[in-house]
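Take the given structure of chain A and dock chains B, C, D, E and F to it, following the hints.
Chains A, B, C, D, E and F, in that order, give the protein sequences.
Each residue of the first sequence is one higher than the one before, counting from 39 in our numbering.
Each residue of the second sequence is one higher than the one before, counting from 39 in our numbering.
Each residue of the third sequence is one higher than the one before, counting from 39 in our numbering.
Each residue of the fourth sequence is one higher than the one before, counting from 39 in our numbering.
Each residue of the fifth sequence is one higher than the one before, counting from 39 in our numbering.
Each residue of the sixth sequence is one higher than the one before, counting from 39 in our numbering.
Bear in mind the hints are in silico, worked out from the structure with no lab data behind them.
Note that the structure is predicted; figures quoted are calculated from it, not measured.
Please note that the accuracy of each hint is not assured.
Where chains are identical, the list cannot tell them apart; a pair therefore holds if satisfied intra-copy or between any two copies.
Straight-line distance between alpha carbons at most 27 Å, and here's what the computed DSSO-like set of lysine-lysine pairs gives [claimed, not checked]:
hint, residue 1, residue 2
1, Lys-152, Lys-88
2, Lys-68, Lys-263
3, Lys-49, Lys-114
4, Lys-114, Lys-79
5, Lys-68, Lys-156
6, Lys-49, Lys-201
7, Lys-152, Lys-263
8, Lys-79, Lys-156
9, Lys-88, Lys-201
10, Lys-152, Lys-79
11, Lys-263, Lys-88
12, Lys-114, Lys-263
13, Lys-156, Lys-114
14, Lys-114, Lys-201
15, Lys-156, Lys-49
16, Lys-270, Lys-217
17, Lys-217, Lys-114
18, Lys-88, Lys-49
6 protein chains.
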Amino acid sequence: MQRYLEELIRKALEEDIGQEDLTTNNTVPKGQRCEARLYAKQDGILSGIKPFYMTFTVIGAEVDDWGACEDGHAFKEGDLLADFTANTREVLTAERTAMNFIQHLSGVATLTNKFVSKLEGMRCRVCDTRKTTPLMRQLEKAAVVHGGGFNHRHTLFNGILIKENHITAAGGVRTAIAKASEGTHHLMRIGIEVRTLEEFDEALDAGADVIMLDNLDLESMREAKRRTGGRKVLLEASGNASLDRVRAMAETGVDVVSVGALTHSAPAVDMSLIIENV
Amino acid sequence: MQRYLEELIRKALEEDIGQEDLTTNNTVPKGQRCEARLYAKQDGILSGIKPFYMTFTVIGAEVDDWGACEDGHAFKEGDLLADFTANTREVLTAERTAMNFIQHLSGVATLTNKFVSKLEGMRCRVCDTRKTTPLMRQLEKAAVVHGGGFNHRHTLFNGILIKENHITAAGGVRTAIAKASEGTHHLMRIGIEVRTLEEFDEALDAGADVIMLDNLDLESMREAKRRTGGRKVLLEASGNASLDRVRAMAETGVDVVSVGALTHSAPAVDMSLIIENV
Amino acid sequence: MQRYLEELIRKALEEDIGQEDLTTNNTVPKGQRCEARLYAKQDGILSGIKPFYMTFTVIGAEVDDWGACEDGHAFKEGDLLADFTANTREVLTAERTAMNFIQHLSGVATLTNKFVSKLEGMRCRVCDTRKTTPLMRQLEKAAVVHGGGFNHRHTLFNGILIKENHITAAGGVRTAIAKASEGTHHLMRIGIEVRTLEEFDEALDAGADVIMLDNLDLESMREAKRRTGGRKVLLEASGNASLDRVRAMAETGVDVVSVGALTHSAPAVDMSLIIENV
Amino acid sequence: MQRYLEELIRKALEEDIGQEDLTTNNTVPKGQRCEARLYAKQDGILSGIKPFYMTFTVIGAEVDDWGACEDGHAFKEGDLLADFTANTREVLTAERTAMNFIQHLSGVATLTNKFVSKLEGMRCRVCDTRKTTPLMRQLEKAAVVHGGGFNHRHTLFNGILIKENHITAAGGVRTAIAKASEGTHHLMRIGIEVRTLEEFDEALDAGADVIMLDNLDLESMREAKRRTGGRKVLLEASGNASLDRVRAMAETGVDVVSVGALTHSAPAVDMSLIIENV
Amino acid sequence: MQRYLEELIRKALEEDIGQEDLTTNNTVPKGQRCEARLYAKQDGILSGIKPFYMTFTVIGAEVDDWGACEDGHAFKEGDLLADFTANTREVLTAERTAMNFIQHLSGVATLTNKFVSKLEGMRCRVCDTRKTTPLMRQLEKAAVVHGGGFNHRHTLFNGILIKENHITAAGGVRTAIAKASEGTHHLMRIGIEVRTLEEFDEALDAGADVIMLDNLDLESMREAKRRTGGRKVLLEASGNASLDRVRAMAETGVDVVSVGALTHSAPAVDMSLIIENV
Amino acid sequence: MQRYLEELIRKALEEDIGQEDLTTNNTVPKGQRCEARLYAKQDGILSGIKPFYMTFTVIGAEVDDWGACEDGHAFKEGDLLADFTANTREVLTAERTAMNFIQHLSGVATLTNKFVSKLEGMRCRVCDTRKTTPLMRQLEKAAVVHGGGFNHRHTLFNGILIKENHITAAGGVRTAIAKASEGTHHLMRIGIEVRTLEEFDEALDAGADVIMLDNLDLESMREAKRRTGGRKVLLEASGNASLDRVRAMAETGVDVVSVGALTHSAPAVDMSLIIENV
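This is chain A alone, in the form it adopts within the complex (with noise of 0.2 Å):
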C-alpha cells in the first residue's frame, strides 16, 4: 500500500504541478516555513488523513509537529482536522493535490456512515462495489471501512461473482455454476447475481454460496430469504440502495447491502488549509 500510494501521490502532484509551481516559486521566500491548519467547514467523517500527509512529505516538505485527527473520526464545521509546521513552499506546490484526495476520500466515509448509521441495531452490513474511481479503489475502499462500511471483493482476481452478462454468456445459471465450480481452485466460493425468484432458485438448488438479489422489490426479497429454508447460503441485495430505501432492503432479512454510490456519487466534503506564522 506504501509504495502503491507514493506512486499515486506522485503521479498527482505531476498532474497538478507540471514542471514548477511558477506561483509559489516567485512570490514565496525560499527557505520559509509556516504552520499549516486544516479545517472542516461541514460535519463529516474523516478519510484520507495518510494521503494528506504524504502529499507533503511526497514533495518534499520536512513536516514537523505534526498532529491530526485520524481516519474514522467523525468532525463539525469549524473543527481543526490537522496541524503541522513545513516549508511554506512545499505546502503550497502541494496543497491542491492534498486537499482533492482528503475532501474526496472523506466524502466518501462520510456518506458511507449515512447508510451505515440507518441500519443502526442490525446486523445486516452495508458494503461497497467495483463502481470506484480509476485508480483510486484501494483508498475508497478504506474509506468505506472508516465511514463503518465492509468491502466487497477488491479485483477480479480474488474472488467469484456470476454476472448477469456472465449467465447470458453461459447460457444459463446452471451452466454457469458448474463450469465456475469446475474452474477454480477449492479455496474459492461461488456467487451469483439474479434478476427473478425463477433464477434464484435455479442459483439456490445449483448450490451456490451467495446470491446477489439484483434490482429485486421488497417483497421478492422476503419471499427468496423464505425460500433459502436452513441453507448455508448467503443473501445479498443490490441495486437502488438510497438512504430512504436501504433500512427496508435489510429489514427483508439479507445480509448484505452493496452501494455503488458509496464511492461514485460521494460528494467532497468542505474544508480549508490555511498557513500562519510565516
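Same frame as chain A, now just chains B, C, D, E and F:
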C-alpha cells in the same frame, strides 16, 4: 492525450482485474462474440465515450460495428448510447472499468450543463477549477467542455494565480504581484485572489490582470465591478457557487464564475451495459 | 499474460544481449534469412512454445512458415519440435534466450508428467506449490498443467492458507482459523497446514475447509482421512513427495498431493536449434 | 548490482503476494516481532544470502540481530544458516520469495562444487555458460563462483564467440574469423566453436585466440591439444560434461570445461525457515 | 528538478558503464578512499556543480569534505573547482559521466557570458531558445542563467509563440493571432514571429503582445521599433546573433536578443579530475 | 537501437512539448496536411536522418512521400536534405525536437570529417572517446562513423583501459596491468594510458596490448613508436588533437588518434524546416 489515456486505462484495468478475471474465464466460452449495448438509465450529457471505447481496445477486444453518440450529446433515460460487437470475454472483463469512466465523466458533464443552463443568454462563463480527481484532470476538464463550460489553468506551470496563502507568505498583495511579475517570463498575465474590497483595491492598483473575488457577497461583487472603472481587468467569482446562486453571481457583472463542484461533487450517471446475441 | 510475457522476454533478451550481439552482427550478412529447426535431444513433454516463439518476434524477427508441436505434446529424442524461417541475425541473437525458456519449462512439464503417471487411474491430484523461480511463476504453473498436473493458489491474495508459522504467530490453530474467518470476505474458504493429528483434530473442529497434512507419515495420513468422517473437508498431503512415494501418499485417501520439486528442481530438457538453407 | 537486485526482488515479491498477504494480515497481530531461523535440511554450499536478506528489507521489515553464514560456506544438514529478529508479518509475507532465491542459488553453488571437487589439484577450470534462468543470470553466475567455479562471458556484448550457426551463416570458419576480427574494436580477442578436427585446424590457422571443442570425443580432444603445438591458443571443452566424465575431459589438456547444467539443472537445496519467540 | 536530475544521471551512468566498470573493479582495491580534485584547464564560468556532485552520490559514493565553487563562478585556467574525498572505485566509475555534465554545462555558461558581456550597461536581455540538447533542457537553461542570460519559454505548453510555419498553416498573421487569442485561457499573452515589416505591421495591428523580428537587418529592426509608437509591445530579435553583431542588434532598441548558439554550439570547457592520497 | 531511439525521442518530445503545443493546436486546422522541406543553411556532412524521421512518426504523424539524403552525405548550403508530406499539426509540434537531433548530429559528423580529411592517405585512424553528451552516446558514435571516423570502446563493460587515476589507485603501472589481466575473462585485451616514456616502458614490459600516449609531445610519441621494436602493441595518441596538429600526431607513427572534441565541442549545423502547400 492518446498515451496518457492508454496508460491510465491500462492501470485502471490492472487495478480492477488483478491477475485474471476468474469468473469470466471460467464461464464464458473462448472465442465467443456478443453484441454489447450501453443504455442510459437517467437523463444527462455524455462524456467519456473515448475512454469507454479505448478500455475495450486496450484490453485487446476486437471491436466491430462500433456506433455511439458523441461526447456532449444530451440523452434521455432509456436511450441507447453505444452499440458494438466484440469478444465476450474481453467485454465482460473490461466492462466495469469502462463504465466507471463513462458514468463519472458523464456525471461531470451533466452537472456542468445544469450550471451552464442557469446562465443562458449571459456572457459570463462557467469555469472549472483544479479541484479534480487525482489522475483524472484531463478527462474531467474535457467533460466540463462537453457540458458547455470552460477550462481554467491546467497546471501550476501554465498560469500565475496568487492565492490567499501566497499573499500571507509574500507579506501582502502588492509584494506578491511585484515578485510574480519580475520572476515570470513575459508571455504570462498575473492573476490574484482577494477576499475583501480593500485587497481588491490593492490588487487593481498593483496592476493585476485578473482578480478572483473569493467568497465575496453579491453586493461586494457588484461594488468591485464598479471600482474597475474602464480598466482592462478580468473579474472572476469563486466560492459558494450553487445552482441556486450562480445566476445572481453572474449578474453582478463578473466575467467568470468558477465552480469546484463540477469536478469534485458530480454524482455518476446511471448506465447499464447489456450483452446480447452471443 | 501477453504483456507480462512480452515484458519478461524483453528483459531476458536485454540480460543476454547487453547493448548488441557483437559476434552475430560481425559475422552474419545483413538481410540473410535461414530455416531454423528445433530438435529434442531427449524424451519429454513440451512446454514453452509460446515464449520460444515470442522471443524471436519480440526481438523483431520476421518469422514465416511457422510450424511447431503444441504445449503438452509428448516427444522422443530426435523429434523435430519446431521449424520456421526468419532473419538469421535475429534468430542467432535470440536463440539462447528462447532456448533457456523452452528447455526449462519443458523440464517442469516433463517432471510433472512423471509424477502424474504414477497416479494413473486415481482421483487424487498432483498439484504445484509457490516454490517457483522468481518471475517465472505464471509460465511454470502453465508448464505444470501441460504436464498433466493442477495448480494451487497463485498468490497470497487469491486464497487463505494458514501455515505452521502463522499458527505460532497467532497463538494456536483455533485462534488462527477464527481470525482468518472474521477478517476475510465471504467468497473465500479457509485452509490450514497441520503437522500432527492433534493439530488436525483442532483444525477439523474449528471448521477448516481445507487441511494440509505436512510431512505426516503414511499411517497418520490414513488416520486423518478416517477422522474426517463424512465431513466436507479437503485433505492435501505435502512434504517428501518423491516419485517413489507419491502413489503410496495418494492411496491414503488424500485429495491432493502437492510437490515443490515440480517447479524448483526440474532439470532442463536438452534441445538443439540448428539453422539451415541460409 | 544493488539496484538490479532490488528491482528483481521487488518484482518477485509482487509476483508472490499480489495485492496483499491475506492470511498473514488476518492471523498475525500488527506490531508483533519474532526470531526467524533458517535451517539446512541437507548438505550443500551456500549462495544467495544477500537476496535472502534483502527480500526482508525490500518488503520493509526492520531486521535486527542479523547473523548468517557467508556465501560459499559449506554446510551440513541441520545447520543453522541464518538467524534474525524482525516484524512477524513482513517475515511471513516475504518468506517464500526469500526461500525461492536462496534454495535455488545454493542449488547452483552446490552442484558447481561437485564438479569443481572432481578436478581437485588440476589447473583446468570449471566454467558456466549462458544457459541461465531468465532474469537470474547475475545471481547464478555469482553462485557458480561461490561453488568454486569460474564465469564465462556475461552478455553477447562483452566477448566474441563464433558458434556453429554463425559459421553456417558466414559461410565457413575462415570467413567468420576474418569478419569478426575486422569489425570489432581492438580490445577483444576472437573465440570460435568447432565440431571436428578439420574445423579445429582451420580455426587455428585463421588465428583464433580461443577454440571451443564442442562435443568432441576424448581422443579428439587430446589430438587437438597436440596440434596446438606451442601456439598461444586457449582450449575449451563443452558438451556432455557430467560429474562422471569431467575429470577425463580435463585430463585431455584443455584449459576450461564449460558446463550448462551448473545453472540450468541444479536441484534446489532443501531449507526451512522457522519463527520463534513471538 | 531533483527527481528529473537523479533519473537523468542514473541513465547517463548506465549508458557509460553498461553492466560493470571492468577496469576499475579489477585494478582498484575494494574499500579504498581517495581525495579527488577538479581543476579548470581554461578560463570560464562554472555551471553543473549539482549534477557533477550528484553523479557521485547517485552511484553510491560516500562523499566527505565536499568543497566546491558555486554555479556562476568565473574561474581561471588552473583553478581548483571542487575537492572531496570518496570511495576510489565509485569516483573512477562515475568520473566520465560527471565530467561530461559539468564540462558541457560550463561551456554553455561560458559562451552565454561572452554574449552578456557584449551588452554591458544595456537594458536589452540575452535570452536562450528551445534549440537545446535532447533531455538536457532544464540543465542548459539553468546554465544560461549562471552565465548571466535569461530564459525564454520552457515548453510548448507554457507560452504562445506563433512562428512562420504557423502563419502559413493558419493562412496569415491576422487569422493566426485571432485563433490563438480565442483558444487560449486568459492568463497568457500572444507572441508572434515576423519576417518583414509588412508582417510586423499586421501583427502590431492585430494586437500581438510580443513580436519577434526574425532575421531582419539592423535598419528594419530600428524601423520596427519606431513603428511601435508608444504601444505596449515587446520586441525580440532572433537570427544571426553572433558575438560580433549582438551589440548592434541590441542598439536597435529591441528588448530581447535570443541566441540559439548558447545551447546548441557551446564548446565544452576543458577540465581535469585528479585523485590523490589513496 | 530502435527501442532506445524511440524512448529517447519520446522523452525529448515530452521535454519540449509539456502537456500540449498550445500555439499549434490553436492556429493550425485539424486534419490539415503540408509538404515539409528541410534545407541546409551551411555546408556539412549529414547525420541523424533516422531520429529526424522517427521524431515525426513517434509523435503520430502520417508521413508520406518521404525522400531524404542518407547519413554520411556531404551537402552544400541551400541543398534540400529531406522532403515529405504529413499532418501539419504533428510536423510543427515535433519540428524543434527533430531539428535539435539532426543539427547536433550533423555537427558531429561535420567536425569528424574535417579531422578525417586531415589524415587523407594515411593508415592512422581518427577515433572518438567517451566524452559524449549524456544519453546521446549511440547516436553520436554513429555520427562519428558517418563523418568517416572510427569508434572506440562503447561502455566501461566492453573493454579494459587503465587510466592515470587507476594507476594511482592500483599503486603503479605493473600492478594495474597484472590485476586487470588476472580478473578479466580471457576474451579481452589489456589497454593502458601512459603520461611519460618511463611509464611507457613499464607498460610495454608488463605486456600491455594497447598503450595510449596521453598528452605526450610529438618527439616523445616518435620515441615511443621506436621503442616498440617489432612487438605487437597498438599505439594511441590522445590529448590536444586540434585540426592543426592532428596530421603531425599521426605522422609520429601512432595507429589511432582519439579526439574528444568530435562529440563534446561540435557546433550545430544550421538547417531550416519550411512547410508549403498546406
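Status of the hints after comparison with the structure:
1. Lys-152 - Lys-88: within (23 Å within a copy, 35 Å between copies)
2. Lys-68 - Lys-263: Neither, since 66 Å and 35 Å both go past 27 Å.
3. Lys-49 - Lys-114: neither (32 Å within a copy, 36 Å between copies)
4. Lys-114 - Lys-79: Answer is within: at 8 Å inside a copy they meet the 27 Å cutoff, but 36 Å across does not.
5. Lys-68 - Lys-156: neither (51 Å within a copy, 32 Å between copies)
6. Lys-49 - Lys-201: between (34 Å within a copy, 23 Å between copies)
7. Lys-152 - Lys-263: Intra 26 Å, inter 42 Å, cutoff 27 Å: intra-copy only.
8. Lys-79 - Lys-156: both (24 Å within a copy, 26 Å between copies)
9. Lys-88 - Lys-201: Answer is between; shortest inter-copy Cα gap is 25 Å, intra-copy 35 Å.
10. Lys-152 - Lys-79: Result: close both inside a copy and across copies, 18 Å intra and 24 Å inter.
11. Lys-263 - Lys-88: So Lys-263 and Lys-88 fail the 27 Å test inside a copy (41 Å) and across (42 Å) alike.
12. Lys-114 - Lys-263: neither (40 Å within a copy, 36 Å between copies)
13. Lys-156 - Lys-114: For Lys-156 and Lys-114, only the intra-copy Cα distance (20 Å) is at most 27 Å; the inter-copy one is 32 Å.
14. Lys-114 - Lys-201: between (41 Å within a copy, 26 Å between copies)
15. Lys-156 - Lys-49: neither (37 Å within a copy, 35 Å between copies)
16. Lys-270 - Lys-217: both (21 Å within a copy, 20 Å between copies)
17. Lys-217 - Lys-114: neither (52 Å within a copy, 35 Å between copies)
18. Lys-88 - Lys-49: both (16 Å within a copy, 22 Å between copies)
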